[in-house]
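S.K.: In the order they appear, the protein sequences are chains F and X. Residues 1 to 212, numbered by the numbering used here, are exactly what the first sequence covers, in order. Residues 213 to 772, numbered by the numbering used here, are exactly what the second sequence covers, in order.
There's no promise every hint is true.
Straight-line C-alpha distance at most 30 Å; calculated DSSO-like pairs for lysine-lysine [as the list claims (entries may be wrong)]:
| no. | chain 1 | residue 1 | chain 2 | residue 2 |
| --- | --- | --- | --- | --- |
| 1 | F | Lys169 | X | Lys732 |
| 2 | F | Lys181 | F | Lys169 |
| 3 | F | Lys177 | X | Lys671 |
| 4 | X | Lys671 | F | Lys8 |
| 5 | F | Lys169 | X | Lys591 |
| 6 | X | Lys307 | F | Lys169 |
| 7 | X | Lys637 | X | Lys755 |
| 8 | F | Lys141 | F | Lys177 |
| 9 | X | Lys755 | F | Lys177 |
| 10 | X | Lys422 | X | Lys591 |
| 11 | X | Lys307 | X | Lys422 |
| 12 | X | Lys732 | F | Lys141 |
| 13 | X | Lys637 | F | Lys181 |
| 14 | X | Lys596 | X | Lys660 |
| 15 | F | Lys177 | X | Lys732 |
| 16 | X | Lys671 | F | Lys181 |
Computed Cβ-Cβ distance ranges for the label pairs, DEER-style [as the list claims (entries may be wrong)]:
| no. | chain 1 | residue 1 | chain 2 | residue 2 | range |
| --- | --- | --- | --- | --- | --- |
| 17 | F | Ser186 | X | Lys637 | 55 to 65 Å |
| 18 | F | Ser72 | X | Gln691 | 35 to 45 Å |
| 19 | X | Glu729 | F | Ser72 | 29 to 39 Å |
| 20 | F | Gly98 | X | Pro608 | 36 to 46 Å |
| 21 | X | His398 | F | Ser166 | 23 to 33 Å |
| 22 | X | Arg453 | F | Ala43 | 37 to 47 Å |
| 23 | F | Pro88 | X | Leu317 | 22 to 32 Å |
Just so you know, the hints here were simulated from the structure itself, not pulled from any lab data. None of the values given here were measured: they were computed from a predicted structure. Virtual Cβ for every residue (Gly too), placed ideally from N, Cα, C.
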Amino acid sequence: MNVPRLLKAPDESALSAVITNGVPGGAMPGTRMTPDENRQLAAFVRRLGRTKAIEPFGNPQQGETLFWGKGSCGACHTVGPRGQRLGPDLTEIGVRRGPAHLRTSLLDPEAEIPDNFSVYRRVILMPDNFLQVRVVTADGKRLMGVRLNEDLLSIQLRDPSGGLHSFLKSELRELHKDWGKSPMPSYRNTLTEVELEDLVAYLVSLRGGSSE
Amino acid sequence: MPSPHWTKQNAGDKNRHRWALSHLQGLNVRVTSTCALAIFLFLALNLRTPAQVTSARLRLATAEPANWLTYSGNTQGHRFSPLAQITTDNVQRLKPVWLYQIQDLNAFQTSPIVVDGVMYISEPPSHATALDTRTGRPLWVYRRPIPSDVGVCCGQVNKGLALLGDTLFLGTVDAHLVALDARSGHVRWDVKVADYTTGHSITAAPLIVKDQVVVGISGGEYGIRGFLDAYDPKSGARRWRFSTVPGPGNPGNQTWAGESWKTGSAGTWVTGSYDPALNLLYWGTGNPGPDYNGTVREGDNLYSNCLLALDPDTGQLKWHFQFTPHDVHDWDANHVPVLIDAAIQGVLRKLVVVANRNAFFYVLDRQTGEFLLGKPYAKQTWAKGLDRKGRPIVLPGTEPTTQGTAVYPGLHGATNWASPTYAPKTGLLYVAAREEGTITYRATSAYKPGAYFTAGGMKGIPGVEPSGSVKAIEAITGQIRWEFPLHSPPWAGLLSTAGGLVFGGTNEGNVFALHAESGKLLWSFQTGGPIIANPISYSSGGKQHVAIAAGRTLLAFAIE
Numbered sequence: 001m002n003v004p005r006l007l008k009a010p011d012e013s014a015l016s017a018v019i020t021n022g023v024p025g026g027a028m029p030g031t032r033m034t035p036d037e038n039r040q041l042a043a044f045v046r047r048l049g050r051t052k053a054i055e056p057f058g059n060p061q062q063g064e065t066l067f068w069g070k071g072s073c074g075a076c077h078t079v080g081p082r083g084q085r086l087g088p089d090l091t092e093i094g095v096r097r098g099p100a101h102l103r104t105s106l107l108d109p110e111a112e113i114p115d116n117f118s119v120y121r122r123v124i125l126m127p128d129n130f131l132q133v134r135v136v137t138a139d140g141k142r143l144m145g146v147r148l149n150e151d152l153l154s155i156q157l158r159d160p161s162g163g164l165h166s167f168l169k170s171e172l173r174e175l176h177k178d179w180g181k182s183p184m185p186s187y188r189n190t191l192t193e194v195e196l197e198d199l200v201a202y203l204v205s206l207r208g209g210s211s212e
Numbered sequence: 213m214p215s216p217h218w219t220k221q222n223a224g225d226k227n228r229h230r231w232a233l234s235h236l237q238g239l240n241v242r243v244t245s246t247c248a249l250a251i252f253l254f255l256a257l258n259l260r261t262p263a264q265v266t267s268a269r270l271r272l273a274t275a276e277p278a279n280w281l282t283y284s285g286n287t288q289g290h291r292f293s294p295l296a297q298i299t300t301d302n303v304q305r306l307k308p309v310w311l312y313q314i315q316d317l318n319a320f321q322t323s324p325i326v327v328d329g330v331m332y333i334s335e336p337p338s339h340a341t342a343l344d345t346r347t348g349r350p351l352w353v354y355r356r357p358i359p360s361d362v363g364v365c366c367g368q369v370n371k372g373l374a375l376l377g378d379t380l381f382l383g384t385v386d387a388h389l390v391a392l393d394a395r396s397g398h399v400r401w402d403v404k405v406a407d408y409t410t411g412h413s414i415t416a417a418p419l420i421v422k423d424q425v426v427v428g429i430s431g432g433e434y435g436i437r438g439f440l441d442a443y444d445p446k447s448g449a450r451r452w453r454f455s456t457v458p459g460p461g462n463p464g465n466q467t468w469a470g471e472s473w474k475t476g477s478a479g480t481w482v483t484g485s486y487d488p489a490l491n492l493l494y495w496g497t498g499n500p501g502p503d504y505n506g507t508v509r510e511g512d513n514l515y516s517n518c519l520l521a522l523d524p525d526t527g528q529l530k531w532h533f534q535f536t537p538h539d540v541h542d543w544d545a546n547h548v549p550v551l552i553d554a555a556i557q558g559v560l561r562k563l564v565v566v567a568n569r570n571a572f573f574y575v576l577d578r579q580t581g582e583f584l585l586g587k588p589y590a591k592q593t594w595a596k597g598l599d600r601k602g603r604p605i606v607l608p609g610t611e612p613t614t615q616g617t618a619v620y621p622g623l624h625g626a627t628n629w630a631s632p633t634y635a636p637k638t639g640l641l642y643v644a645a646r647e648e649g650t651i652t653y654r655a656t657s658a659y660k661p662g663a664y665f666t667a668g669g670m671k672g673i674p675g676v677e678p679s680g681s682v683k684a685i686e687a688i689t690g691q692i693r694w695e696f697p698l699h700s701p702p703w704a705g706l707l708s709t710a711g712g713l714v715f716g717g718t719n720e721g722n723v724f725a726l727h728a729e730s731g732k733l734l735w736s737f738q739t740g741g742p743i744i745a746n747p748i749s750y751s752s753g754g755k756q757h758v759a760i761a762a763g764r765t766l767l768a769f770a771i772e
């Protein structure tokens with residue numbers, strides 16, 4: 001954890017509840033623990049918050065300019081009301097991820113794609129993992145997008161321009177699920193080292209409503 | 213204005229008259245005979261006939277296909293409906309005719325009972341409701357307060373009720389067995405089966421066997437010592453208890469190292485089956501405790517992961533078959549045992565077939581427990597095969613480790629508690645199959661009463677999205693006739709019908725009907741909520757209906 005304040009667990013009972021129930025609609029599943037184990041884990045999590053946070057040394061204002069400019073990050077990500085929602089929302093990314101993770105995400109986006117599946121995915125109302133999907137329709141139209149939802153008979157996508165699509169699987173000639181692939185490009189050859197640090201500093205500063 | 217549907221009920225008029233009069237007399241109302249007749253007519257037009265389900269009716273349950281009298285539809289565990297109004301030709305016209313919604317947020321897992329126009333369902337955590345099958349409107353509700361410190365591994369849920377005479381039986385998550393008046397939901401008796409503070413609970417539907425109520429216990433992840441109980445339906449007195457983990461001096465105790473039997477688990481949390489002709493009760497048992505660390509309980513760990521055959525009059529064990537000796541993967545054998553009579557090599561035999569969580573399909577002689585056949589029906593990476601007695605030949609390096617071991621099937625098994633269904637015409641056992649490997653970890657865990665006692669954990673295999681299917685398995689040979697793919701590993705069970713259909717559900721909310729012979733998808737409906745329950749079929753107003761719980765809703769479908 002990057003910061004001592006947990007947005008979804010502002011007090012002890014909320015933290016205990018999050019450990020037990022997970023974060024509905026989010027990636028974190030519930031856990032089955034005894035009350036003692038729950039208390040021990042909560043105490044450990046709070047100790048993490050007392051560890052000195054690693055501060056990035058880039059310039060966050062410069063990073064913000066890069067985000068909306070040279071990086072074109074807003075084409076796929078939202079921060080507050082701005083941007084597009086193809087990939088994850090980044091409004092609070094600085095609360096969830098530290099500088100090292102964010103740096104890796106920029107240089108090697110596919111390295112950090114979640115690589116396993118919560119085994120208790122009984123409620124699959126909205127699947128996780130922003131799976132990249134490519135389809136070919138019955139009339140030959142090709143479309144790439146991010147999976148929004150899927151069931152026995154249908155699949156729903158968002159394309160890179162933000163458009164929403166719903167297909168019956170029977171209407172598709174081809175359906176490819178690109179496990180481990182990301183539509184996000186690597187910035188290894190696009191940004192200088194200084195620019196990379198500035199962008200990381202900006203992302204770390206994104207903490208939603210938190211004043212920390 | 214009374215519904216014409218109700219006025220057509222002629223059976224039991226005399227009983228209704230007596231019931232109405234006794235009800236009025238109980239209210240200290242003076243009645244003349246003319247007045248009584250008028251009152252009777254009024255009541256007859258407006259009240260339900262109280263259900264009277266005898267054990268004889270239960271033994272011949274499939275003789276009254278308009279009803280669904282017991283958990284699996286019949287005592288043989290088939291979950292098959294003899295109704296044939298809905299067919300492969302007209303199922304495309306199947307539509308929801310009413311919905312009933314629950315309020316609780318725990319999973320809705322009920323398998324309804326239908327008797328003479330009334331549907332009885334359980335609701336999470338441990339409630340019961342009677343619904344009018346024509347309109348879906350509640351007739352009465354029973355709401356049980358549940359202590360706030362109940363611990364259950366997998367949700368405060370309930371899989372269904374049992375009915376004998378005019379009494380409903382409900383197991384509760386605080387480990388009680390409750391008897392309710394089927395006419396009103398009034399509590400007749402309430403007995404404590406076990407101590408919930410030590411991890412015991414009841415989530416399974418009880419089973420009526422002859423003149424008693426048989427109920428299983430949950431708590432396999434809490435180091436309980438499992439058992440199966442039989443109770444007197446009138447008084448709630450316990451008639452017998454069979455301990456699934458034998459104590460010192462009893463056969464099987466020697467299969468537990470040291471004192472590990474005391475926390476051996478082996479729960480009985482899925483409803484069993486009964487053969488009236490052989491007078492044998494068949495029931496599955498769950499994992500040994502702690503789940504993932506077998507080093508603290510060396511030995512085969514009887515009678516965990518078994519199919520038991522018991523004398524229902526005494527609870528005495530007649531035979532057992534252990535699917536996964538010394539299980540370290542949490543492969544509970546809690547399945548509905550499916551009893552069939554079929555010819556093997558030209559000889560008619562009484563069989564029991566089980567698609568087990570460990571990915572093997574078994575055919576046993578249900579008189580003796582003799583192993584006749586076993587073969588994989590899903591991906592498995594843990595066993596070379598089964599020996600001639602059906603014991604698995606375990607491959608080295610497949611048990612959980614501290615670093616984690618990937619194995620198929622995973623924790624939840626190649627199938628789980630969802631009911632299979634057997635269709636006599638096709639001779640196929642239809643199974644809700646799961647393709648979901650896991651990486652399983654071993655840890656150490658000290659036993660504390662009421663605390664989780666699994667000694668390990670698991671996670672999914674990287675880069676692999678689990679999937680599922682409906683598999684049609686030839687019940688005698690174990691050959692897979694066809695597979696229908698599902699998007700994710702199913703928790704919903706299956707129903708087959710004489711109309712040539714197999715009904716099921718998905719985690720994504722699809723209810724579907726397949727052609728029983730070919731597996732072709734013929735119909736589906738998006739219910740909007742995960743389906744973690746078993747479907748049933750019954751008749752209302754002369755029309756065949758199919759009902760299933762999905763999300764927070766019970767849906768009834770029919771062709772209008």
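S.K.: Take the hints in turn and mark each one as holding or not.
M.R.: Tested hints:
no.	hint	in the structure
1	F:Lys169 with X:Lys732	holds, 15 Å
2	F:Lys181 with F:Lys169	holds, 22 Å
3	F:Lys177 with X:Lys671	holds, 22 Å
4	X:Lys671 with F:Lys8	holds, 24 Å
5	F:Lys169 with X:Lys591	holds, 26 Å
6	X:Lys307 with F:Lys169	holds, 22 Å
7	X:Lys637 with X:Lys755	holds, 22 Å
8	F:Lys141 with F:Lys177	holds, 17 Å
9	X:Lys755 with F:Lys177	violated, 43 Å
10	X:Lys422 with X:Lys591	violated, 40 Å
11	X:Lys307 with X:Lys422	violated, 37 Å
12	X:Lys732 with F:Lys141	holds, 28 Å
13	X:Lys637 with F:Lys181	violated, 47 Å
14	X:Lys596 with X:Lys660	violated, 37 Å
15	F:Lys177 with X:Lys732	holds, 24 Å
16	X:Lys671 with F:Lys181	holds, 21 Å
17	F:Ser186 with X:Lys637: 55 to 65 Å	holds, 59 Å
18	F:Ser72 with X:Gln691: 35 to 45 Å	violated, 56 Å
19	X:Glu729 with F:Ser72: 29 to 39 Å	violated, 56 Å
20	F:Gly98 with X:Pro608: 36 to 46 Å	holds, 41 Å
21	X:His398 with F:Ser166: 23 to 33 Å	violated, 50 Å
22	X:Arg453 with F:Ala43: 37 to 47 Å	holds, 42 Å
23	F:Pro88 with X:Leu317: 22 to 32 Å	holds, 27 Å
Violated hints, in rising order: 9, 10, 11, 13, 14, 18, 19 and 21; the structure is consistent with all others.
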